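Listed here are the chains, written in short residue letters.
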Amino acid sequence: MGRLSVRLCGIELDNPVIAASGTFGYGYEFAEFYDINCLGTFSFKGTTGEARFGNPTPRVAECATGMLNAIGLQNPGVEKVVAEELPRLKRCFRKPVMANVSGFSIGDYVYTCSVLDKEEQVGWLEVNISCPNVEGGGMVFGTDPKAASEVVAAVKKAVTKPVIVKLSPNVTDIVSIASACEAAGADGISLINTIPGMRIDLKTKRPVLANRMGGYSGPGVFPIAVRMVYQVASTVNIPVVGMGGVSCAEDVIEMMLAGATAVQVGTANLVDPFACRNIINELPAVMDKYGIDRLEDIIGGAING
Amino acid sequence: MGRLSVRLCGIELDNPVIAASGTFGYGYEFAEFYDINCLGTFSFKGTTGEARFGNPTPRVAECATGMLNAIGLQNPGVEKVVAEELPRLKRCFRKPVMANVSGFSIGDYVYTCSVLDKEEQVGWLEVNISCPNVEGGGMVFGTDPKAASEVVAAVKKAVTKPVIVKLSPNVTDIVSIASACEAAGADGISLINTIPGMRIDLKTKRPVLANRMGGYSGPGVFPIAVRMVYQVASTVNIPVVGMGGVSCAEDVIEMMLAGATAVQVGTANLVDPFACRNIINELPAVMDKYGIDRLEDIIGGAING
Amino acid sequence: MKDSIFQVIENRALTPNIFKMRLCGDVSEVGQPGQFINIKLDGCYLRRPLSVYDADPISVTVIYKVVGRGTEIMSRLKNGTMLSVMTGLGNGFDIMAAGERPLLIGGGAGVPPLYLLAKKLVERCSKVSVVLGFNTITDVFCEEEFKRLGCEVTVTTADGSYGVKGFVTDALPEGYTYFYTCGPEAMLKAVFDSTGTSGQFSFEERMGCGFGACMGCSCKTVSGYKRICKEGPVLKKEEITWEG
Amino acid sequence: MKDSIFQVIENRALTPNIFKMRLCGDVSEVGQPGQFINIKLDGCYLRRPLSVYDADPISVTVIYKVVGRGTEIMSRLKNGTMLSVMTGLGNGFDIMAAGERPLLIGGGAGVPPLYLLAKKLVERCSKVSVVLGFNTITDVFCEEEFKRLGCEVTVTTADGSYGVKGFVTDALPEGYTYFYTCGPEAMLKAVFDSTGTSGQFSFEERMGCGFGACMGCSCKTVSGYKRICKEGPVLKKEEITWEG
Ligand SMILES: Cc1cc2nc3c(=O)[nH]c(=O)nc-3n(C[C@H](O)[C@H](O)[C@H](O)COP(=O)(O)OP(=O)(O)OC[C@H]3O[C@@H](n4cnc5c(N)ncnc54)[C@H](O)[C@@H]3O)c2cc1C
Ligand SMILES: Cc1cc2nc3c(=O)[nH]c(=O)nc-3n(C[C@H](O)[C@H](O)[C@H](O)COP(=O)(O)OP(=O)(O)OC[C@H]3O[C@@H](n4cnc5c(N)ncnc54)[C@H](O)[C@@H]3O)c2cc1C
Ligand SMILES: Cc1cc2nc3c(=O)[nH]c(=O)nc-3n(C[C@H](O)[C@H](O)[C@H](O)COP(=O)(O)O)c2cc1C
Ligand SMILES: Cc1cc2nc3c(=O)[nH]c(=O)nc-3n(C[C@H](O)[C@H](O)[C@H](O)COP(=O)(O)O)c2cc1C
Ligand code: FES
Ligand code: FES
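Chains as they are written, first to last, in my numbering: chain A, 24 to 328; chain B, 24 to 328; chain C, -13 to 230; chain D, -13 to 230.
Treat the hints as calculated values from the structure; they're not laboratory data. Check each hint, because a few of them may be wrong.
Cross-link-like lysine-lysine pairs, in silico, PhoX-like; alpha carbons within 25 Å at most [said to hold, decoys possible]: (1) C:LYS6 <-> B:LYS312; (2) A:LYS228 <-> B:LYS312; (3) D:LYS64 <-> C:LYS26; (4) A:LYS226 <-> B:LYS312; (5) D:LYS223 <-> B:LYS226; (6) D:LYS64 <-> C:LYS64; (7) C:LYS222 <-> A:LYS226; (8) A:LYS312 <-> B:LYS226; (9) B:LYS228 <-> D:LYS51; (10) D:LYS105 <-> A:LYS312; (11) D:LYS26 <-> C:LYS26; (12) D:LYS212 <-> D:LYS223; (13) B:LYS312 <-> A:LYS312.
Model, not experiment: these values are computed from the prediction.
Here chain A stands alone, though its shape is the one from the complex:
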């Protein structure tokens, strides 16, 4: 194992840097810029059972250090992903990929996960529970420990690959949600998803986004993300994948010290398509600067001790 490598739910990553879901498409746009095999891996665009067209535009709004998005989970549906996107990806990416799954009912999640579970290219299932629970009256799965654990338990029964549950930060008590997921059998926790936010256009005097609210991401959320990763990693005994505003090698190390086994980079990719590659290239020098020999050694280093 190299200086940078980490083990995530039994699979070794050459480095802890994972491009985050929704900011890396199905990979090949970035393969036009560089060889994406340098990544630890990436999490592909949130996939649902049925195709989704998403929300009306404008879907993005700028913030001082970050952005809002209200894409609305646009994706071609899991069957097309398996039939078209994965074969296309295979030509430019030879590592196990993280399959990001969304749903609006437990059945939805189970269906999509079990389809993707069968795909050889898929290494992990990343189950995004920040979607409204249609059966549960629109409440978001990820804001209620009981609803969250039901999704996890159902998915775990249907699949063989490691299940990483992706949490919404928009909760009073992130630890109770994470613990419920762990108890329900989750193999890992990833966080944070975007934080609900809004921008208003002073010219039109209306919200910038057609959807009015959107998810806030980018450097502005970093201190919140570090805190939540720390809280969750201090409590659960499964690996935590940290993300939220990570933009440089120092941020990766800070997330790992907070308890992240691997670190996702999202919005940074949109502004600089080379963001992940640059971060990976910078890691060894930054590790030297802070006297870090192997990244695996620092996971959770800031907790207690």
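Use these hints to put chains B, C and D with the ligands onto chain A, whose structure you have.
Relative to the frame of chain A, chains B, C and D with the ligands by itself:
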């Protein structure tokens, strides 16, 4: 009434700009820089029944666009505030001031509020319910609608001046907390307080703050604050005081379009002691640019319509 | 697509709020007229997309209207400033469809991408007509540039202070074989309804990435959703639905 | 206290990671030795506090160690850069207490504020002794400057590569009437324990505002909490408790 003036719970403010609690001391440090009577008003440092020394240092940490603080409500206690701070303030500020109150039990809040309610200089009581509820087992008053409404109801019974309840953003559903406060008799809602966050020092590999976590404030929280102000203002029928990351006249207008009747400026004062005065001076030109005649007319302008 | 460093070598006002900026750098990916570049500015988190106005072997030129913080910052950039610029974005206009007498219809800040297009079309068509619409006389720019290429140029102003009084649709010439248009959405709709031939429309949409990664700019077409930054910004008339 | 614009007129390395920067501007509030200024840097949200090293009627000089992002940015500032600087912060050293033979004890990045202090003390005292502690020979700075003022200077290095081997407390002279010290907290504690007279200590603390508004820098003393930025950074020996 001037172009900039607004009415907050029956008291007219020359302009909607209020310096936020904890970032403006008891006013006189800023009076050394400029005549603070140009402010709409300011909210003084969170005051408790007993004197508090607060947390060990480091108490502040820098973020990309903002800061963390874990001051821990250092204040001389309400009796000294009345005996020493208010008379000293009187010499440099002739407007009604907002009295920010914290507490660790309902009795605490009631005591401090009723003492301050009697002070002629006090215009409004701003009741900060982001403190841990010692009786309720450490849970924060502001994260539970029931606990929040109990504080509000008890305080309302004990005072005559308008009670503005200051909410913590660290909740799944801000609207339910705001509605509970309204139902319990609150005269206004102010939000947002800081968001729990953490930074880790790569050199020491420990959290920067002695308290490990602190409250995140500054421009990085602005989109979250605008969203919450919008959500709350869309629901309640009492005035909302908006804050969180406001740093320029445009931000004030955005907050007002989201539904704020008045706008507090916090962290910006720490970086630039003239922040509030500059914002007030810039407002007329920015209003002209966006075709705004009177600020009162735009309150909640982005809601529905 | 390429992300590289460009240097500002010219940046000046054409009208009180329209600026022309020439950027020197690796233009190997600056290809089709109608494609755009995406500029990273100090002080703005997202990049700013601008159509290619003109290009030569060492530089690319854009013309932009100051409408907000980013373009305001841009207007103050000095010669010599280095910028990270992504080039070769979007599909661009398909010039093969032009026929003998294409018509170019531009409105305000939508005029710039038509210039490089006109440059290409005058080489292959017998006549290229251009209609440029502005609000008022002080907004008019680029009329001379199109004339110098040999195009037949009509200018309209909404207030009649210059050229034909009215909108571009009040001054469409007869006998064009095909059209290309770019401008505010209300103008595009009017052009859609007023034109007799087929044609191509260049759209604007708020963008997260500008290179197809975020789905921020998706737009409904008769053949499903398309990303304005990737399968657009140019859509054919036949593809367009106006439902958003 | 005053917030105004200063211009960088000198910024150069004294050692591989210690820089000297001279800032030209309104110095009317730069008063007592031991006071500090607070500098706003492009790219850092909070200001950076630095002690006044020297001052004259048109400028103020600081000496700083590059330890993180802010000081790194600072070290790359070019002459002519304009900075927003708050001046006249903190209480400063009380020079009236010095007696005839004061002793100044500085460690590393804590040396700078002692220079302006020494400058004032040499005017009123019969002898001013200075002990400067560093890690190694390449870290040593300012020895000559103190000597030129007429001070009796002893330098210590932890590794013995220059001057006396050891810590400042291994080289304290005899017969001083009072002392002033600034340096890392571990050194301050050692000085506290090793000194026979009364004296003054300059402390560092992470700051939110630097002018008394946020309570970010409060520190326990025998007479209650004090703000390092306002009632500090200088505390008298008698006031100090080491409980944080
Ligand atoms: C493919 C394409 C080509 C373009 N070509 C030109 C051109 O040649 N000349 C020109 O003047 N303008 C052009 N625009 C519009 C230009 O991108 C915007 O005017 C500019 O981004 C506004 O930035 P701002 O910071 O000044 O405005 P702000 O309103 O402060 O910007 C806030 C955010 O909204 C985005 N935004 C605002 N208006 C638009 C818009 N109309 N289209 C897309 N995003 C917007 C900004 O990029 C930024 O992310 C083009 C847009 C697109 C999508
Ligand atoms: C009153 C006072 C006077 C000072 N005088 C000098 C001086 O003359 N020369 C000198 O080299 N240094 C001095 N310092 C320390 C100097 O302020 C820090 O080294 C500097 O702020 C580090 O900034 P950075 O961005 O490089 O480090 P980072 O670690 O990246 O800074 C992150 C944050 O922590 C704060 N911080 C980090 N270290 C310190 C510290 N030791 N003290 C206070 N805040 C810190 C920064 O200001 C910033 O807010 C003084 C500090 C204080 C409080
Ligand atoms: C445009 C965009 C689309 C996103 N789509 C998804 C998605 O489909 N599924 C998901 O789990 N997270 C999605 N996210 C959230 C990111 O994966 C990530 O959790 C979040 O943006 C925080 O990280 P960042 O600040 O590095 O972007 C999306 C984020 C953005 C900006
Ligand atoms: C240093 C500091 C101290 C604060 N102390 C208090 C306080 O005592 N009471 C309170 O209600 N809010 C307190 N706050 C929160 C602010 O009043 C404000 O709600 C928050 O910082 C968001 O606004 P801003 O981003 O403009 O700072 C404090 C904030 C800071 C930065
Ligand atoms: S802007 Fe990101 S896909 Fe078009
Ligand atoms: S740093 Fe704000 S009070 Fe001292």
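**Study point:** Unmet hints by their number, sorted upward, for this structure
**Key:** Hint check: 5, 7, 10 and 13 fail, others pass.
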